[in-house]
Amino acid sequence: MRYLPLTDTDRRAMLGAIGVDSIDDLFVDVPESARRDGLVDLPTHAGEMEVERTLSALAAKNLSPSVAPCFLGAGAYRHHIPASVDHLIQRSEFLTAYTPYQPEISQGTLQVLFEFQTQVAAITGMEVANASMYDGATGCAEAVMMAHRITKRRKSVLSGSLHPHYRDATETLVQFTNFEMQSAPVDADGTEDLAALIDKDTACVVVQNPTFFGHVRDLTALADACHRAGALLVAVVTEVVSLGAITSPGEMGADIVVAEGQSIGVPLSFGGPYVGLLATRQKYIRQMPGRLCGETVDQDGRRGYVLTLSAREQHIRREKATSNICTNSGLCALAFCIHLTLLGEAGFSRLAELNHAAAATLADKLAAVPGVTLVNDSFFNEFTLRLPKPAAEVVEALSAQGILGGVPVSRLLPDDPAMADLLLVAATETNTEAEMDRLVAALTEVL
Amino acid sequence: MSGTKFTEDHEWISVDGDVGTVGISDYAQEQLGDVVFVELPEVGRQLEKGGEAAVVESVKAASEIYAPASGEVTEINDSLEDAPATVNQSPFGDGWFFKIKLSDPDELDALMDEAAYKSFVEGLE
Amino acid sequence: MAGNAKQTHSGHRGLDMDEPLIFEQDAPGRTGVDLAEPPAVQDRLGGLARRGPVGLPGLSEPQVVRHFARLSRMNYAIDTGLYPLGSCTMKHNPRLNEKVARLPGLGDLHPMQPEETVQGAFELIDTLAHWIKTLTGMPAVAMSPAAGAHGELCGLMCIRAAHEAKGNPRARVLVPESAHGTNPATAAMCGYTVDAIPADDRGRVDLAAFEAKLGDDVAGVMLTNPNTCGLFENDIVKVADRIHEIGGYFYADGANFNAIVGRVRPGDLGIDAMHLNLHKTFSTPHGGGGPGSGPVVLSEALAPYAPVPFVVHGPDGFRLAEHAGGDAAKTFGRMKGFHGQMGMFIRALSYMLSHGSDGLRQVAEDAVLNANYVLARLQDVMSPAYPGPCMHEVLFDDHFLKDTGVSTLDFAKAMIDEGYHPMTVYFPLIVHGAMLVEPTETESKDSVDRFIDSLRYLAEKAKSGDTAFFEQAPELTPRRRLDETRAARSPVLRWQPPPAADAAE
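Chains as they are written, first to last, in the working numbering: chain A, 50 to 496; chain B, 87 to 211; chain C, 217 to 721.
Just chain A, same shape as in the assembly:
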């Protein structure tokens, strides 16, 4: 077995040193009723070639977005990842290190986290950020719980154009606490009035920008309304590349920003692992969930980094911790940090421009297809179309032609008949004009 270095000679010698006859003597504490002599009913070991063959066969049963034109978004976006990102995250010292509990021999990971936190704060327009959450949806739930701790109020208002997974995850994760979630009705056209739902018990209003349906919204008035009522504004971003083109939530008055960082450096990987970003104002740092990296000096006075404010966390605070999170998305945060470093100020803006231009081009082409209407006045790289028939059927017909043509809103909101004909379409820098024309032609044919 290639991963096991002990030989039978070693094993005999070690059992002798321990002073027992057989390995079974080391399992004597296992109740007899639970001891198993034989092997479990699964295949025995296999070589690299066989394992790779098995997994390649599974891969071959899927339609790869590297082959099929892909216009899917809805919270996960296909972007180009520079070659050096995947090389660097596979450096042994990053890939196979644990959480940096011993800072003297973890300065690499720690400095990366410090840079990551600074980058996240910069793009969201906030003062500080943590070292990552599992993903955007769980980050959203954590932000709501954080707002409750800060305001000591019990109610949260969730926008009707919040990604349904974020809404569901937030409602699920807080359901056994004292917090109450008020979800606004689904808002496909971006006209909801959330300020009207704020009252003296409101801890926070959670709003996504661009919305789940793609609208770009000015959050300034809503932030003011929240602050007048003593509530916080939680802004959710599911497509971080938009922050290269749009005024940041921080500039519009958000108190906590939660984002899905997948678009920068992290492969689609069928929905995970991704990387949740959580940023806020300095005054709220002790109410933040998750790990934080801070600057300090070593005993020789040299600058260095450590995990800090740990007294918030479960390993010290146990049942009074700000969250139960332990392992986060370290390696995805590293990929994010490397990709965003490669982009830099100029590349990040340019990438955002390219995405917006691709979506604007595609929106115009699709809106010209007979029977199709563009729902959005504004959008970044994703928009909603109203089709003359159920979007789920259209998407199936397109995939039969080898095109991943969009996400039917009904897949995420199946119970609302008003959603049936709505299709979410995303375009990124990866989509060529030829792909767009293929989608337009196929859609015209299918409708």
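Hints listed in this document are in silico derivations from the structure and should not be mistaken for laboratory results.
Mixed in with the good hints there might be a few duds.
Straight-line C-alpha distance at most 27 Å; calculated DSS-like pairs for lysine-lysine [unchecked claim]:
#, chain 1, residue 1, chain 2, residue 2
1, A, Lys110, C, Lys429
2, A, Lys201, B, Lys187
3, A, Lys369, C, Lys349
4, A, Lys110, C, Lys315
5, B, Lys146, C, Lys618
6, A, Lys332, B, Lys204
7, A, Lys204, C, Lys546
The hints should help you fit chains B and C onto chain A, whose structure is shown.
Below, chains B and C without anything else, positioned relative to chain A:
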């Protein structure tokens, strides 16, 4: 320190009239190590004897501070926010946490005096 | 300054390169990507186009590659050395797993693709679920939790949902004092009061104390097995029986499954729920703090409450149950975006297929053998907290350092200069100055012997009275001991432009 009373959780309370000043003992600050943050109750909050009143954090630990007696918080030591090290340097002086208006001064009778606390701590070591 | 550390002009020390922050290497306009000129289009941003700069530095690709390559060299890693961090299972991470996770058709799948275009992905998840259920002897598994703590939350939410379905959520969850902090934190997130159970003098749950805490308000018990002292809870079947007698459920923390995989099925011990850390037992890389993956096996009683989404066998292939209702009539809800940590599923399945049923059983045996060998060879110079045999990790306390002036922390830091990552220290909390050593099965006997020899040397050096040697450690690292008090008292959590640069703007 003669009028000062102690709890088994290492809080002290020193009474002047009907107002008690609360902090943590020298033993407690020693056990915690370098104090990095103190979370204090709001002025006006009603505390129950034995209820959670404040939190003191060091790098590796966080401890609840329980009210040694019941009453309303009348004043808190704001200076600890910027200078938490004061708790280590002067636990019985400038490192006090908050003051309460005692609602039942008789509650203090159940607490240890300095001599009793001293032998209590010796028993822990 | 450290004794004889040589000072250099550059700040570098041979191969040990000092590296400034990316923000300190900025040149405006410079970039590490070449992106095409965007076509001119009418702005559809609703009047919200960004007005000012973001504040990101400009670096070219060679600078970026060198920056992160240099930073990587400041890390200790399992690839470069034995990493005996107890309860973390730092085993070898096979590169085959990395390769297959990147296959087109797996690594590049979009989570919202039509179901008929991702049948292979569903089959992969279903196959992994089959392996997990078979290895644990449990009838169901929830695959979506993102990490161990998220899995605990999944299990406890199932337990709470099951109680609520019977009309009473109950109030208390029993958790041993030796538990990981995530256990009480999770119970609290489910609205439960945590009631701590003490350990007995054998490092196991005190059965009498546990029984005394039982009552009809107890929702369940959370027990790590093997426990955080590295010991098998030999009363575990009694714990299961007692908690079931009062109508409660048994949550097992499976962080230490590596000790028993292929040899013991937790289902045979009477558990109702248990998470597996794919990033521990099944070798997906820790990546400096994640990502993890925490599937949760469930008993028949809890399975109906499992979170969405999950893969369902349909007449025409696999489907995904994504919403409450239908196959998920009683689900407690959704725990995260999309479907789970697919990238970790691929790696874990690759690992399982590689080992097979025979190899996985050998994993447990070699892990336990290595730990007991460490115990056997160190028990005369260090102080085991409990007599053996231990399971996959061995716990020492600081008795052997008594009156030496050397603390557990000092001892750990001295190990760093010896070229070893320290063991887990000061955990579990029930043992004074705890040192929890988990060598794992992927260390050779030679490697374990060299590690033991270093620990013996350090233990004897501590007893010889050379306190300064320990207090000064580590001296040979990119940084020496860091001032954590300063970091926490005046938190600096991000880089800020120097004031002088501000004035120049």
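For a C-alpha distance cap of 27 Å, please report whether Lys332(A) and Lys204(B) respect it.
violated, 39 Å
Given the hint that Lys146(B) pairs with Lys618(C), does the C-alpha gap stay at or below 27 Å?
holds, 22 Å
Taking 27 Å as the top limit, are the C-alpha atoms of Lys110(A) and Lys429(C) close enough?
At roughly 53 Å apart (the allowed maximum being 27 Å), Lys429(C) and Lys110(A) break the hint.
Take a quick look at whether Lys201(A) and Lys187(B) sit within 27 Å of each other, Cα to Cα.
holds, 24 Å
Does the structure keep Lys110(A) and Lys315(C) at a Cα separation of 27 Å or less?
holds, 18 Å
Quickly compare the C-alpha distance for Lys204(A) and Lys546(C) to 27 Å and report which way the hint goes.
holds, 25 Å
Taking 27 Å as the top limit, are the C-alpha atoms of Lys369(A) and Lys349(C) close enough?
Violated: Lys369(A) and Lys349(C) sit about 33 Å apart, past 27 Å.
Of the numbered hints given earlier, the model fails hints 1, 3 and 6; all others are met.
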